Amino acid sequence: MRYADFTWHDPIILLQGLGVSLWLFLATSAIGLALGIGLALTRYYRVPVVARLVQVVAEFLKNSPVLVQLFLVFFGLPAMAHINVTPVEAAMITLAGNTAAFVYVIAVSAMEQVGRDQVEAARVFGLTRGQIVWRIIAPQALAFAIGPLIGLAVNQLQVTSLVSVVGVMDLTKVGNILNMRTLKPFVVWTVVGAVYFIIARLIAALGGALERRLRAHAAWAGL
Amino acid sequence: MIAIEKVGKNFGSTTVLDGVELAIAPGEVVSILGASGSGKSTLIRCINGLETVDAGRITVDGFDVAEKAGLAEARRRSATVFQLFNLYPHMTALENVMLAPTMVLKRPRAEVEAEARALLERVGLAARAEAYPAQLSGGQRQRVGICRALAMKPRYLLLDEVTSALDPEMTAEVLAILAQLAREGTTMLFVTHEIEFARRISTRVVFLEKGRIEVNLPTAEFFSEAGGLANPRIARFLSRMAAPEAAAPLSPAPTDAHEAS
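From first to last, the protein sequence lines are chains A and B.
Residue numbers for the first sequence follow my numbering, so the first one is 1 and each next one is one higher.
Residue numbers for the second sequence follow my numbering, so the first one is 224 and each next one is one higher.
Bear in mind the hints are in silico, worked out from the structure with no lab data behind them.
Nothing here was measured: the structure is a model prediction, and the numbers come from that model.
C-beta atoms are modelled at their ideal positions from N, C-alpha and C, and glycine is treated no differently.
Careful, some of the hints might be misleading.
[To be verified] Covered stretches of chain B, going by a simulated chain A footprint (3 or more residues, C-beta under 8 Å):
(1) 293-305
(2) 319-328
[Stated by the list, open to error] Ranges between beta-carbon positions, derived for each pair:
(3) B:250 - A:208: 18 to 28 Å
(4) B:337 - A:60: 19 to 29 Å
(5) A:48 - B:280: 22 to 32 Å
(6) A:50 - B:328: 27 to 37 Å
(7) A:113 - B:278: 15 to 25 Å
[What the hints assert, rightly or not] Non-contacting residues of chain B with respect to chain A, defined by C-beta distances greater than 10 Å in every case (computed):
(8) 246
(9) 273
(10) 278
(11) 286
(12) 345
(13) 393
(14) 418
(15) 449
(16) 458
(17) 460
Take these sequences, add in the hints, and give me the full structure.
Encoded structure:
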């Protein structure tokens, strides 16, 4: 006989899928954030060759579908470079790289928004380049970047669903399995969609609170 | 002593400074007057190393600002107050004042904070120490800018048109503090359009014209008929600045939308 009904076990495997999705999201966001900021610094410091190379790669990652990038990593790496990657590894590489490319663009523009006049003041007072980046540029650039970064995070959460295509057992993949077993797509995908929605709202709310704190100094600027 | 020796500076094909020779000894207050575009601000930016000179040499207490180590030492001995304040907007007034002494001079925080609060109190901003620049008026911001410079205990204070962005009332606030510093014997290089004030506080007045030093005289002599005023260019400049309404009859009345809102 066929188990076409929902069982008490189903919410648990959905939660497991959610765990995989969240873990992928958090890990690739952290790596992408660190990598993107690091690459933006190569541009700020005008590191020759590297800065230009980074720009070209970032353009490619921004302007091609994540799914295509995922296929290139998952099928391309073993075929072309004889490096075998598991579905989770392929998902990590692709999502982290993709996030890094967008973080890079956001970070570069946020750093450019910090007024040159303050950087000049800091230089005149004898602060080193590192001190200027850390104490003057970073806090303000973060305040400028936090809005776009939250938007990016919400988007990248949804993008993690693509990794189900190469067989990673994330929330979407679990939904797919439940759907095929129960043949109740409307119920399954409504629940899965609602879970993504709730997580996305949580990210946006946390980010909004962080943004208000980071922009406290600008709260009066409108006066 | 700040020694400026035959300094030349070009921006592209425009000559901004041309053979400038000037020495500022400790204890002097030297005002630099001149029309907009005469090179006054550029001169300050060459002394503090924000611009490199194309010819000649600038030394601060013997340290050549064209050399990396020399510039670092020169920057410790001088401090700049900027026309547009250039405060760090994400830091409170107190943090603005404390940043360089703690980060550059590596002095203990508690000590620096006590001094910073004393400086802010001296310029009447004790109660605003925790305010961000955006919460302060222009005059208050510039007073923070002055504290930030003084916190480094500089031997030379470089003032780059520090009142140009302020209305008359705020200008008076800032000038009162500068006058006090002058009385206390602070060495200052004072680029300004405030001629009356320059006359009151400076020991020497320099007139820059098209990147060249036209006149460099003790203050009394500069404003005497036989001295600076004998130069027709200076006489014309001074009469225009003294009676701006004659030169610009349509200048709008000062407004203060800030207070009204």
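We went through each hint and held it up to the structure:
Counting residues of the segment 293-305 of chain B whose beta carbon lies closer than 8 Å to any beta carbon of chain A gives 6, which reaches the threshold of three, so the coverage claim holds. Coverage of the segment 319-328 of chain B by chain A holds. Counting CB-CB distances below 8 Å, 4 residues qualify, and the rule asks for three or more. Against the hinted window of 18 to 28 Å, the Cβ-Cβ separation of residue 250 (chain B) and residue 208 (chain A) comes to about 56 Å, which falls outside the hint. A beta carbon spacing of about 55 Å between residue 337 (chain B) and residue 60 (chain A) contradicts the range 19 to 29 Å that was offered as a hint.
Separation of residue 48 (chain A) from residue 280 (chain B) is about 31 Å and conforms to the stated range, judged on CB atoms against 22 to 32 Å. Hint check: residue 50 (chain A) to residue 328 (chain B), Cβ distance near 34 Å, so the stated range 27 to 37 Å holds. Checked against the hint of 15 to 25 Å, the C-beta distance between residue 113 (chain A) and residue 278 (chain B) comes to roughly 36 Å, which is inconsistent with it. Listed as a non-interface residue, residue 246 (chain B) keeps its Cβ farther than 10 Å from every Cβ of chain A; the least gap is roughly 21 Å.
The Cβ of residue 273 (chain B) sits about 6 Å from the closest Cβ of chain A, inside the 10 Å cut-off, so the non-interface label is violated. Against the 10 Å criterion, residue 278 (chain B) stays outside the reach of chain A, whose nearest CB is about 22 Å from its own CB. Against chain A, the non-interface label of residue 286 (chain B) holds: every CB pair exceeds 10 Å, the least being about 13 Å. The beta carbon of residue 345 (chain B) is kept farther than 10 Å from every beta carbon of chain A, the shortest such distance being approximately 20 Å.
Every CB of chain A lies more than 10 Å from the CB of residue 393 (chain B), the least distance being 16 Å, so the non-interface label holds. No beta-carbon of chain A is positioned within 10 Å of the beta-carbon of residue 418 (chain B); the least distance is around 26 Å. Under the 10 Å C-beta cut-off, the non-interface status given to residue 449 (chain B) relative to chain A holds; the minimum distance is some 39 Å. With a cut of 10 Å on Cβ distances, residue 458 (chain B) stays outside the contact zone with chain A, its closest approach being about 35 Å.
With a closest Cβ-Cβ approach of about 28 Å to chain A, residue 460 (chain B) is found to remain outside the 10 Å limit, as its non-interface label requires.
Checked against the numbered hints above, the structure violates hints 3, 4, 7 and 9; every other hint is satisfied.
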